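Colleague: Sequence:
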Amino acid sequence: MSTVELSRPLVLEAPLVTADGAGGYDEGWNALGTLWAEVKPRSGREVSGPASSASVMGFKITVRGAPVGSAMRPQAGQRFREGTRHYRIEAVSERDPRGRFLICFAEEEVAA
Numbered sequence: 001m002s003t004v005e006l007s008r009p010l011v012l013e014a015p016l017v018t019a020d021g022a023g024g025y026d027e028g029w030n031a032l033g034t035l036w037a038e039v040k041p042r043s044g045r046e047v048s049g050p051a052s053s054a055s056v057m058g059f060k061i062t063v064r065g066a067p068v069g070s071a072m073r074p075q076a077g078q079r080f081r082e083g084t085r086h087y088r089i090e091a092v093s094e095r096d097p098r099g100r101f102l103i104c105f106a107e108e109e110v111a112a
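For what it's worth, the UniProt record's numbering labels the leading residue of the sequence shown as 1, then goes sequentially.
One thing to keep in mind: the hints can contain errors.
Distance ranges between label pairs, derived from CB positions [claimed, not checked]:
(1) Arg-8 x Asp-96: 30 to 38 Å
(2) Gly-33 x Glu-94: 16 to 24 Å
(3) Val-110 x Ala-22: 28 to 36 Å
(4) Glu-5 x Ala-51: 38 to 46 Å
Hint data in this document are derived by calculation from the structure and do not stem from the laboratory.
The model shown is predicted, which means the values in this text are computed figures rather than measured ones.
Every residue gets a Cβ at the ideal spot worked out from N, C-alpha and C, and that includes glycine.
With the hints as extra help, turn the sequences into a complete structure.
Modeller: Now the structure itself:
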């Protein structure tokens, strides 16, 4: 198994929904902490909608393992932030049987 180079700091964020006081809600993101990661590209594609198109790129992001239930263990539905870039986490799996590292399959969407 190849070595892992955790050289990029990524902020792990969870969705945050708050009442807006008018019967609705506001959606945002709550920073949980910074994880050092290895970010490797997978594949990309273009998606078109009725008003615009976007480029969607897949990434394999490796981070240190954390116990199930820990706030610092990434989950599907959360995201990583790196400056102005956002990587939406689609799935998470252990990289090895001992759970020393986690692999997060994520996507970044950029307006074309």
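Colleague: State for each hint whether it applies.
Modeller: Hint check:
1. Arg-8 x Asp-96: 30 to 38 Å: violated (20 Å)
2. Gly-33 x Glu-94: 16 to 24 Å: holds (20 Å)
3. Val-110 x Ala-22: 28 to 36 Å: 32 Å Cβ-Cβ, so the 28 to 36 Å window holds.
4. Glu-5 x Ala-51: 38 to 46 Å: holds (40 Å)
Of the numbered hints listed earlier, the single one contradicted by the structure is hint 1.
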